[in-house]
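*Asks:* Produce the entire structure from the sequences given, and follow the hints as far as they go.
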Amino acid sequence: MPDSATLEAVSIDQDEGNFSYPEDYAHDAGYGLTEKTIDYISEIKGEAEWIREFRKRALRVFNDKPMPTHWASEDLNNIVFDNIRYYLAKGQRPTRSWDEVPDDVKETFERLGIPEKERKYLAGVEAQFDSEAAYSNVKEELTKEGVIFVNSTEGLREHPEVFRPWFGKVIPTGDNKFSALNSAVFSGGSFIYVPPGVKVKHPLQAYFRINAENFGQFERTLIIVDEGAEVTYMEGCTAPKFETATLHSAVVELVAMKDAKIQYITVQNWSNNVFNLVTKRGLAHENAEIRWIDCNIGSRLTMKYPGVIMKGRKARGEVISIALANDGQHQDTGAKMIHAADETTSNIVAKSISVGRGRSTYRGQVHIPRHLKGCRNNTECDALLINANSRTDTYPAITVRGNQHATQHEASVSQVSEDQIFYMKQRGLSEGEAMSLSVNGFVNDLVREFPMEYSVELKRLIDMEMEGSVG
Amino acid sequence: MSQSLRIENLHASVDGHEILKGLSLEVPKGEVHAIMGPNGSGKSTLSKVIAGHEDYVVTEGSIYLDDVNLLELEVDERSRAGFFLAFQYPHEIPGVTNANFLRAARQARLPKGEEVDAVAFYREMYAKMDQLGMDRKFTGRSVNEGFSGGEKKRNEILQMMMLEPKYAVLDETDSGLDIDALKIVAQGVNAMRSPERGFLIITHYQRLLDYIVPDVVHVLHDGRIIHTGGKELAYELEEKGYDWITKEPAAA
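Chains A and B, in that order, give the protein sequences. Counting in my numbering, the first sequence runs from 1 upward without gaps. Counting in my numbering, the second sequence runs from 1 upward without gaps.
There could be a bad hint or two in this list.
[Said to hold, decoys possible] When the alpha-carbon atoms are kept at most 20 angstroms apart in a straight line, the in silico DMTMM-like pairs for lysine to aspartate or glutamate are as follows:
id, chain 1, residue 1, chain 2, residue 2
1, B, 112, A, 463
2, B, 128, B, 180
3, A, 199, A, 259
4, B, 128, B, 114
5, B, 166, B, 31
6, A, 258, A, 286
7, B, 137, A, 445
8, B, 183, B, 151
9, B, 43, A, 419
10, A, 177, A, 75
11, B, 137, B, 124
12, A, 311, A, 259
13, A, 199, A, 154
14, A, 459, A, 419
15, B, 112, A, 431
16, A, 169, A, 154
17, A, 459, B, 114
18, A, 459, B, 115
Hint data in this document are derived by calculation from the structure and do not stem from the laboratory.
*Replies:* As structure tokens, this is what we get:
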């Protein structure tokens, strides 16, 4: 039985994403996680032996590591790993044509507007349905320039010389319990390589969809952008509402070589029964720039702290984060900035909104060691509380050693006042409209950082959340 | 069908204290009425009660806007029915631009499925801002945030001009205004005077009424209208103060 918080949470109208199709999977690894599960996944994928070994070692690490509940939410203990299916696929191979995608999968993505978005403004799209990609297409001119955009299975099989050297290097298996879990059972995700000097103008996008109940999605993404190259990658996530908890645990590794730029944009709108436990980290070489733009609206519990390791001189890292925690939700998000070279710069701007009994937590880690010089960090975290019983916590950890650095930290907590809402209602806005407008106003400066199409989507999602939260 | 804003025997309290004690008043369409009264007489309470602020509890009486029973409506429904309140202390809405706010308020008045025509909206807003001598940069600034007292009041009048209410209450709009700002605000209100609209102007001083000349002046004291007269009453009050009225028994 789901607990009462979950029951209440699922009664909120989350999204048009709330629909699912009957399950008819050709491949189902069954419930629970053992070495047999790994053999099953490896065999279906026809993987090299080193990958199978990598997975099995990761399983041992996962089993050995305790739940991090000494600092994180006790709610993690409600994940029953034996009741989860770790691999589900229809046996499809990703196709380049929508016509060849299985009908129910195609309908799912059409209802979510994916092909339409691709026609309009994307350079490449991958659509993942449960464990495997159903569709993957990248504009021909990019392929000609040498851009690789494939799923993890294909990336490791067809281009091991490109991806293997960095695979699992930015986020080692043992980084945390969930990175170990992902390393054991990963499937799907995007492997991208952009050759030196290639600037990909339009964003590449992946769309992650969970269709099945009692299922875990463990995509693995690795993006390598070579010297002087640039790319923007966007991911969107949804799942239907089920009565049991679903697990999403991804690992995303970014590598920006000298002078490269990576912008990674997430709009997460999982339904309110998804445990969303994701590890994201980028490695920035000399004068490279990595920006995480991260928006978390859905899920039951999200734990995600995108990070940048600034390894080369003058490297830059940035995290722009918006989190909205509605009733029954806990958004535990933040950022990690590890300065490992001189004159590196990092910037964190995090805004969270707590609605009803929703809870948002900011955790930040900034590390600048003594032997470096000329490093700068700016951290701003602002929390907006909608109701008297909403909750927010901030845990900033800024370690700066040495005296040749500059850091600044600002934090604020504000509440939408009754008077402000009264004023807006007097102008004819309903309570929900007034709330949405206030919340959109609060995140306005950050929303501008998103590409136009996404900022419109974001506003719509916030409107829907706020409509559901009053009256 | 009565074309007026009608308040009958209104009793209202806040935190259990009765502030309005049987207030009756009628503002017919096409007229401008002023309410004057000493501090603490219930002037601002009246404006909030008409608007429907939830801190104020109506215990008796009625408020009608034409044929609409306002007491049965929510705050936003009252607004959309044609009631506007120009606030004495307009609130700030961080991050929401003036233009977006006005547009949302206009959108709220359209039937489902209809969208505000953005080009026409901006053209109209700019014209009205010009009329009020407001710089175009105010469209992109957050509502009332960092505005001076005079800018806030002008912004209230701009909102009123954009929303074109049937009845408007101006709550001490003159407070905090210098004479130039006062004139501009008055011009805005005068431009909106029409046989289709009624105004109720709450003020402490007669000064505003030099520029917005009322048809009728009421004196509010201890939660009731105790005296009603023509525009000359305002001058009399300015000259003689309130004592000569408040010490009389309530006017019949």
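*Asks:* Given the hint that residue 459 of chain A pairs with residue 419 of chain A, does the C-alpha gap stay at or below 20 angstroms?
*Replies:* violated, 23 angstroms
*Asks:* Residue 459 of chain A and residue 114 of chain B were given as a pair; does the straight-line alpha-carbon distance stay at or below 20 angstroms?
*Replies:* holds, 19 angstroms
*Asks:* Hey, residue 169 of chain A versus residue 154 of chain A, does the alpha-carbon distance stay inside 20 angstroms?
*Replies:* holds, 19 angstroms
*Asks:* Below or equal to 20 angstroms on CA atoms is what counts here, so check residue 311 of chain A against residue 259 of chain A.
*Replies:* holds, 12 angstroms
*Asks:* Is residue 43 of chain B close enough to residue 419 of chain A, meaning Cα to Cα at most 20 angstroms?
*Replies:* At roughly 18 angstroms apart (the allowed maximum being 20 angstroms), residue 419 of chain A and residue 43 of chain B satisfy the hint.
*Asks:* Please verify whether residue 137 of chain B and residue 124 of chain B have alpha carbons no more than 20 angstroms apart.
*Replies:* holds, 15 angstroms
*Asks:* What's the verdict on residue 112 of chain B and residue 463 of chain A, does the C-alpha distance respect the 20 angstroms limit or exceed it?
*Replies:* holds, 16 angstroms
*Asks:* For the pair supplied as a hint, residue 137 of chain B and residue 445 of chain A, is the alpha-carbon distance within the 20 angstroms limit?
*Replies:* Holds, because 17 angstroms separates the two Cα atoms, which is no more than 20 angstroms.
*Asks:* Can you confirm whether the C-alpha distance between residue 199 of chain A and residue 154 of chain A stays at or below 20 angstroms?
*Replies:* violated, 23 angstroms
*Asks:* Tell me if the straight-line CA distance from residue 177 of chain A to residue 75 of chain A falls inside 20 angstroms.
*Replies:* holds, 15 angstroms
*Asks:* Holds or violated: are the alpha carbons of residue 112 of chain B and residue 431 of chain A at most 20 angstroms from each other?
*Replies:* holds, 17 angstroms
*Asks:* Compare the distance between the alpha carbons of residue 258 of chain A and residue 286 of chain A with 20 angstroms, and conclude whether the hinted pair is satisfied.
*Replies:* Holds. Residue 258 of chain A to residue 286 of chain A sits at ~5 angstroms (cutoff 20 angstroms).
Against the hints set out earlier in the document, violations occur for numbers 4, 13 and 14.
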